[in-house]
Structure formats: structure tokens, C-alpha cells
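So the chains spell out like this:
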Amino acid sequence: MIALAHDTHRPPADAPGARPLPPRRRRRAVLPGFGLSAAITSLVVTTLVILPLAVLVLRAASLGPAGFAAAAWTPRARAAYAVSLSAAGIAAAVSSLLGLVVAWVLARIDAPGGRILDALVDVPLALPTAVAGLVYSALYVKTGWLGQWLVPLGIHGAYSFLGIVLVLVFVSLPFAVRVVQPVIESLDRETEEAARILGAGRSQTFFRVVLPALLPAVVTGFALSLARALGEYGSVVFISGNMPFRTEIAPVLIVARLEEFAYAEATAIAVVLLGLSVSLLVTVNALQQRLAANSQ
Amino acid sequence: MSIHVRDVSKAFGSFRALDRVSLDVPDGALLALLGPSGSGKTTLLRVIAGLEHPDAGTITEDGADVTERHARSRGVGFVFQHYALFRHMTVFENVAFGLRIRHVPRPEVTRRVEELLRLVRLEGLGGRRPAQLSGGQRQRVALARALAIRPRILLLDEPFGALDAKVRVELRQWLRRLHDEIGMTSVFVTHDQEEAFELADEVVVMNHGRIEQRGTPAEVFDRPATPFVMDFLGTVNLFHGRVENGRAFWHGIPIPVDGSDGTDARPRPARVYLRPHELDISRTASPSGAESSLAAEVVRVAPAGSVTRVACRPCGADADVQVDLPAERARDLGLRPGEMVRVTPRTARVFPVDHDYVI
Numbered sequence: 001m002i003a004l005a006h007d008t009h010r011p012p013a014d015a016p017g018a019r020p021l022p023p024r025r026r027r028r029a030v031l032p033g034f035g036l037s038a039a040i041t042s043l044v045v046t047t048l049v050i051l052p053l054a055v056l057v058l059r060a061a062s063l064g065p066a067g068f069a070a071a072a073w074t075p076r077a078r079a080a081y082a083v084s085l086s087a088a089g090i091a092a093a094v095s096s097l098l099g100l101v102v103a104w105v106l107a108r109i110d111a112p113g114g115r116i117l118d119a120l121v122d123v124p125l126a127l128p129t130a131v132a133g134l135v136y137s138a139l140y141v142k143t144g145w146l147g148q149w150l151v152p153l154g155i156h157g158a159y160s161f162l163g164i165v166l167v168l169v170f171v172s173l174p175f176a177v178r179v180v181q182p183v184i185e186s187l188d189r190e191t192e193e194a195a196r197i198l199g200a201g202r203s204q205t206f207f208r209v210v211l212p213a214l215l216p217a218v219v220t221g222f223a224l225s226l227a228r229a230l231g232e233y234g235s236v237v238f239i240s241g242n243m244p245f246r247t248e249i250a251p252v253l254i255v256a257r258l259e260e261f262a263y264a265e266a267t268a269i270a271v272v273l274l275g276l277s278v279s280l281l282v283t284v285n286a287l288q289q290r291l292a293a294n295s296q
Numbered sequence: 001m002s003i004h005v006r007d008v009s010k011a012f013g014s015f016r017a018l019d020r021v022s023l024d025v026p027d028g029a030l031l032a033l034l035g036p037s038g039s040g041k042t043t044l045l046r047v048i049a050g051l052e053h054p055d056a057g058t059i060t061e062d063g064a065d066v067t068e069r070h071a072r073s074r075g076v077g078f079v080f081q082h083y084a085l086f087r088h089m090t091v092f093e094n095v096a097f098g099l100r101i102r103h104v105p106r107p108e109v110t111r112r113v114e115e116l117l118r119l120v121r122l123e124g125l126g127g128r129r130p131a132q133l134s135g136g137q138r139q140r141v142a143l144a145r146a147l148a149i150r151p152r153i154l155l156l157d158e159p160f161g162a163l164d165a166k167v168r169v170e171l172r173q174w175l176r177r178l179h180d181e182i183g184m185t186s187v188f189v190t191h192d193q194e195e196a197f198e199l200a201d202e203v204v205v206m207n208h209g210r211i212e213q214r215g216t217p218a219e220v221f222d223r224p225a226t227p228f229v230m231d232f233l234g235t236v237n238l239f240h241g242r243v244e245n246g247r248a249f250w251h252g253i254p255i256p257v258d259g260s261d262g263t264d265a266r267p268r269p270a271r272v273y274l275r276p277h278e279l280d281i282s283r284t285a286s287p288s289g290a291e292s293s294l295a296a297e298v299v300r301v302a303p304a305g306s307v308t309r310v311a312c313r314p315c316g317a318d319a320d321v322q323v324d325l326p327a328e329r330a331r332d333l334g335l336r337p338g339e340m341v342r343v344t345p346r347t348a349r350v351f352p353v354d355h356d357y358v359i
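Heads up: the sequence lines are chains D and A, in that order.
Position 294, counted from 1, in the first sequence is what my numbering calls 294; the numbers after and before it change by one each time, with no gaps.
Position 304, counted from 1, in the second sequence is what my numbering calls 304; the numbers after and before it change by one each time, with no gaps.
Note that these hints are calculated values from the structure, not bench results.
All residues carry an ideal CB built from backbone N, CA and C; glycine is no exception.
Relax, there's no trap hidden among the hints.
Cβ-Cβ distance ranges computed for the label pairs, FRET-style: (1) A:His103 - D:Val105: 27 to 37 Å; (2) D:Phe206 - A:Gly28: 32 to 42 Å; (3) A:Arg150 - D:Val101: 34 to 44 Å.
The following block holds chain D by itself, in its conformation from the complex:
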């Protein structure tokens, strides 16, 4: 769904400099077994993605239109969607900005500590997210290391919307960093020098020359972070307090329904969440494609 390719060196076929292609014949693929690979791909996509989604939709459909609306469009469910989408959106935005800064440092750092820093970025991917949720809430409660200072200031990092955003940033940051980092590494330093020599200051060089070149990757990082944050459950359940209408995210509501053995209602909520997520990701992806086309 998300185009990871930022191959800005590829000349379009109609470029005046491009040599005319020989008459198109059936060419043998360089890599053998393309047919087999395609078959495996379809099988994987079908069994891993399409089949479960079909079951999900069918289960929800068994409710009928009225039953579906009653299950998935209750005030509590609507509030949960809103919490899910807004927390994930804010977290993805924060991750993209932080990711840009972190990726910049990792790409340009030339110190022994750089390697360690680079490895640390991936830790959130390996750590069970429930652990992250527990640790974060322990840090930000009134008696925690950070909470003892922050709570008197009115900043509640645990059992709050802020807490949800915090853990979602934690789990999504690696995606934002890893997508942007190689693009920064591939940036041509001569381009920055060219801008400087034409009279641009540091910030003008960054905003007019560097950032536009990075923007497609930043938006891809945003999309991946958003996808990751929308689906996150383990860490949020431990830090949000799960208060209906305030800090209850949609996945938590789904689990709550499951615990009541209301399977069809649970799948109905899941279908709405899925629909919202997919349309959001498609929109972001379209934006990314347009940006990438512009920077070709």
C-alpha cells in the first residue's frame, strides 16, 4: 500500500537523453522463478490478509444493517473511534517530526556512539509493547520518577489522552526514522553547497532545498507510523486507564465486547475501525505519491 521507493534518479522513459529502447520483445527476467514468486505472493496475501478480513466482514454482516449500526455506532463507540484516530494522528505527526531530526543525526553523525544510538532506535520494535505501557505508566503516575514533578504541574502522563499519545510515539518512531534515514544519507551534499553559494542561508537551504527532497519520505514515515499507531493495543491498554468516552481506544472497546462474548458486535466495531484506517492510509499514500512525482 505504501510506496517505499524514493528512487529519484530514475529518468523517465521519455527524457530527451534516454536512448530509444529496442523493439519490445518478450524478455527473459533476470531473476528466475518470477511466476513461482508471484504465486507465493498471491497465496500469502490471500491467506494472511484477505481471508481474515473477509471473515471479519462476514461476521459483522450477520448482524444486519440495523444491528450493525446499533453495535458499531453507539456514542461510546464513536468516542472510541475519535480517541483512536486523534491519538494516532497526533502520535504519527510527532513521530514524523522527531523521526526527521533523529534520522538526520543518525545519517550525519560520525562518532563511535552513533552506532549504539542507531541500534537503540529499533528497540521499540522488539520490546513487547505491554512492557512499554507498564513502564510509561510507572514513570508518569503521581509517585513515578517523572510524574512526581509533572503531575503537580497538571501534566498527567498516565491514565490520560497524553499517555496514549506518548506510548504511540514510542511504538511508531522507528518507522518514521528508518524511512527517512536512507533518503538523508543519499542526499547530495553538493546540492546544499550549490544553494549556499547562490546566497541561501542555513534555514533557506533547509526549507527550500533539503526539506522538499525529504518530504515524500517524511510523509511515508507518517503513513507507516499512523498505521502502526492505529493498530496498537498492548501498550495503550496499560497506560490509558480505558475510561469510556475519554481514554478508551477502539481496539480496547473491541476487546471489552469480546469479553462480553458479543463477537458480532466486536467485529462490527473492527470493521468501522478498519474502514476508517484504510481510507486514511489511502489518502496519505496518495499525497505521498504526488509529492514523490513532484520531486522526480
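Use these hints to put chain A onto chain D, whose structure you have.
The following block gives chain A in isolation, referenced to the frame of chain D:
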């Protein structure tokens, strides 16, 4: 605008890229910095541009010390080897960049960019993106972008290095005309001597962070100051011989030494350099006697356009001598491998063996 480089040194770690280099570029000159890779030519260009800060020494432009001035405020034009165009901008926006930074009014920007695109013969392509252009067109965009801010100094780093041979020759002649029309001071870096000789008023040959020789193309080619320059500019035949009374002896035959006043009578070992085109081949010994020519066997005959390259093996020698004959002369002689001929050197350049010589 004239440029004066005084005793500039620059090191990258333990590598000395520039070693107390001094260079004066007069106003309006077109100067080539020529040398092998790692000779410091690009570093010197970047120091002049302000992209590198010298460890020691000063740079002055028209008498004003600009050593501490950042590239941004020097107002020089710089053309990078790989164009360094802004890929996300159109050709028009690339050229307009320097003007927009300077807050030039919009109509003025449009007028100036269109004028420049006409100058570099890219009118009508302002809406394209760099990726939609050929290499030669991209390089011309880079040039237009550099010229937009009306620099009085234009610096070019291997400007034609990434282009194919035909485009390179066209752009070269075009750049020469452009330089003369605009009347700025230009310095370009190249490792291609043909390019340097064809384009530049003066050539500066660099090696190991130092300037080996500076002069007009003719001066540098005909009177190389050091063995390095001799070696770097074209093919040479190198022999170890001795020099005595202004004559070098090569396989026992005397050759007049170029530039010698003949007063140094003391015989001493020397390196004798013979350019392939300064040797002649005949079937019989010249009238002046057999002592001025050498018997040799033809090894290879290879026509190469206007000259024919002939490899000969002098009797008793263990290395071939390369001779370039004018194509016509070669046709008249009709040489075939295995034939015995006489090789006559017309002139030679000799450097004493103790000359500080490193490549």
C-alpha cells in the same frame, strides 16, 4: 575580477591537499587547473569559492581579503561536476533560485531567467524537471543557475567530466564563447589536457598539492618545467642517458637538448624525454650521416586519424620507441612490421636524474 591566492595550505587529516599554493588570476582570464586526481586542483577551486576554509594563507579578490568570507556572500558562480541541480524544482525555478534568495522582484526574475535560458539555448524547457533533461542540458541549466546572480568569477569543477565526447567538445567551444561575451574571470578544473589546452588562456598544472607549472598551453606543452609536466601532458618516450655539452646521448647518438645553452660541459646522467611526434622515420640514413639516426625494427603500425602511431624496437634495446608520423608521411613510407628503418630524433628534453621527481 582578479583573484590572488597566497600561500594557501589545506590538509584533510594527514593528506595534504594543498601545500603553500600561490596563484594569481588576472581579471577576465580563463584559466584551467590541470592535474591527476588527488593533485589538489578541486580543493584549490573550492577554497577560491569559499566552500573550504584554508588552514593557512589568504584569498583576495580585487585586493579585498575574502579568506574569512563565507561562500554565501562571495557572489561567485560555481558549477559542480554532477550538476547538483535541485531535483524537486523546475528548470525555471533552478535558475531563479539565486534571484529569489536575493528578493529580486518577480517580473525581473522572469525576464532574467528567460534571458539566461535563451543564452544556454534551453528556451521553452523552463517547465521541465532536471530528470527530464539530458546530461548536456542539465549542465547548461547548472551554468545558467550559476550565472543568474551575475557573478564576476565563475568556477567550474570538471564541468564536462560526466558528458560523452561529442557533447563535451560542443559545450567546450560554447563555454569559451560565453566567457568572452560575458567577460568574467573563469577558473575550471579538469584532468583532460585536451580540454585545458583548447579552452583556457592559461594552464596551471598541479601535482601533490603544488603548482608544477603555469603558462599558456603552448608554453606548457613545448617547454615543460618539470618531468611531471612532461609526463602528464601526452605520451612520451623516456630513456636514461647522459647529457654533455648541450647534447643528450641516446643509444650513442647525440640529440640537441631544447633550451640548453651548451655551457654545462660536465657529463652527467639524465632522463631523456622524446615526444612521439618529435621523431622521424626514414628508410635510409639521413645525408648528415648515420650517426644522427638509429637503426630500428618496425613492431606495430596503427593508423589513428591524422597521425599514424608506429612502434619501433632499436637494435639491441629492450623497449619500444613510440613514433607518431603524419598520416600522409606514413602512407608514403608504407611501413610494415618487421622492416628495418632509421629513427631520427629532432629534439629532446632532458632532466637531470637528481631532479625531485615524483608522480
